[in-house]
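Enquirer: Please arrange chain B on chain A, whose structure you already have, making use of the hints.
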Amino acid sequence: MEKIILKDIPGLEKIDVYLANGGYTAFRKVLTDMTGDQVIDEVKKSGLRGRGGACFSTGLKWSFFPRKSEKTKYLCCNGDESEPGSFKDREIFEKNPHQFIEGALITAAALDIEYIYIYIRGEYWRWINIMEECVAETYKKGFAGKNILGSGKSVEMYIHKGAGAYICGEETSLLNSLEGKRGYPRIKPPYPANVGAWGNPTIINNIETLANIPEIINKGAEWFSKIGDPRQPGTLLYGVSGHVNKPGIYELPTGIPLMTLINDYSGGVKDGKKIKMVIPGGSSMPPLTQEEALKAKMDNESLKEFHSLIGTAGVIVMAEGTDVVDVIRRVTKFYYHESCGQCTPCREGCGWMLKVLNRMMDGTGRQSDIDLLSSVAKNIDGNTICALGEAAAWPVKWSIIKFRKDFEDKIKDKTLKLPVLNKVHGLRESDEYDTITFDSEQEVVEDLIGSVQELDNNEDVRKFSS
Amino acid sequence: MSSENYNPVFDESEMKTVQNYISKYPQPMAALMPVLWMIQDKYGWISLEAMKYVGDILNLPADHVLGVATFYTMYFKKPVGKFHLQICTNVSCMLCGGYEIFNHVSESLGIKNKETTQDGMFSIEEVECLGSCGTAPMLQINNKEYYENLTTGSVDKLLDSLRQNSK
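Chains as they are written, first to last, in this note's numbering: chain A, 507 to 972; chain B, 2 to 168.
Derived from the structure by calculation, the hints contain no laboratory data.
In silico DSS-like pairs for lysine-lysine, Cα to Cα no more than 27 angstroms straight-line:
#1 B:K158 <-> B:K115
#2 A:K667 <-> B:K43
#3 A:K752 <-> A:K513
#4 A:K725 <-> A:K551
#5 A:K520 <-> B:K145
#6 A:K659 <-> B:K25
#7 B:K17 <-> A:K647
#8 B:K25 <-> A:K687
#9 B:K115 <-> B:K83
Okay, chain A solo, but in the shape it has when bound (with noise of 0.2 angstroms):
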């Protein structure tokens, strides 16, 4: 099957290897012979999508660009790359740095952007090395810096390495981030297209959609189209892990059958065990079932029809006897540790969702306790300045819609009745609602605003059974 970014060239890594087998042709050809409105338009052709998680379309998102503006304007590469089962960035990194950097190069032409950001995060301390050579190379062969190639473009790059934070993968995080600041996300609008970094017009794109911009200009937009499923063309970087044989990166066209990366390239669920659950793109997108797993075919549109969406094609697949309720305390855990706090629905809710989940798993869990998740779950959801909200809400809200009899048989006492929960947060559908009695009402209160002070004084890592 034919690749685009991992192809099979050994030392690919290597600028010369890259230059002998057709690096930077792309950007000559887009120097010389191509407007900036041409390149816009042969990427929108092409129906490529951001590869970050939001699957927007990039001809289109570069299309609102004020590329006239007399600004100083920025491009920002994204490779933060965080969410828990992604790791495709690192790979393109390691495999076909000199694509990704050309993919760069060809934005900010079209675009006429003189600064490019590479952000790294922090802990690809390796990768980040291995990028500092690359873009002095870079630099070397003349493909960056002033006047280019005798063009009149100039362009510098730069990396910018993070400290980590997960939060910082969301775009205006990113801004606040390079500019020095906390990682907060920014209110949109304005997006970043308009007032980006330092107020600027500013691109964000991630590392993978990049890296396939050459590709597109080198063969054009309707081979791209061609390749996968039609409503997002092109491949993708699974990153498979878990319960799997071959846990591992593979470039396989959008829309192939999970079944068939599982099984024909992933070697199959471990112990030849069946599927439990399957998270399709990183731990933010609802998990599929062992039934919708058999189904679902791997691209975002054909996501949607089991509620999950692609993200950023992290697959982690979990085999019969996984814990489910242990699987999404840990995500959680996850969310809680790194909401960035602004937003009050968010930055709490993580927390209760955590403290419940927690007794659920300590087999102190109330009956009511699976509704409360929905609930908070339900509240976060939509209600925050960023994503985040949502990615921590979709896993606890889908998995109990999902998986409600691996939550209900965690709740040992079928006794233990709380329903004041419910009103605490504004969930008034249950019949028991009437039956509260003002002490326990206040006892639930209580336990409640106590819950995060508490869980940030509790250092130690808990294991639970799985």
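Expert: Just chain B now, kept in the frame of chain A:
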């Protein structure tokens, strides 16, 4: 690696590096993260005095520096062990035994999360996903090298070799 207290000061060549960082961005504030990295690389952790010092260099209020330093988890706000073991227990690692690795290391070193051994050699921290899901379970040492596909046996060997190397 980490000294308990230190007097933060950059020499001439380090100040040149700082100026180089400042020149990469339209505003000096943006050099804050790289300069905090410089402090941490030099002294092992970032003290309050160091934050004030960085604020003075970049002409930023100390509270802004404090805000940034405390927001990002990779900046150490207190000293850590010579080898700071950052063990991932997020979903993919958890499914492949990340907690077993964490508990094993914790027990064999006799320290809990975010603690340091008495000889100052090791400290451990439970960290979130480090993007090594296909090679889980894993750990990172001192924000640098990754050690992947771990087993309790390979972790023991790793700890031994670290002890040997530090002698």
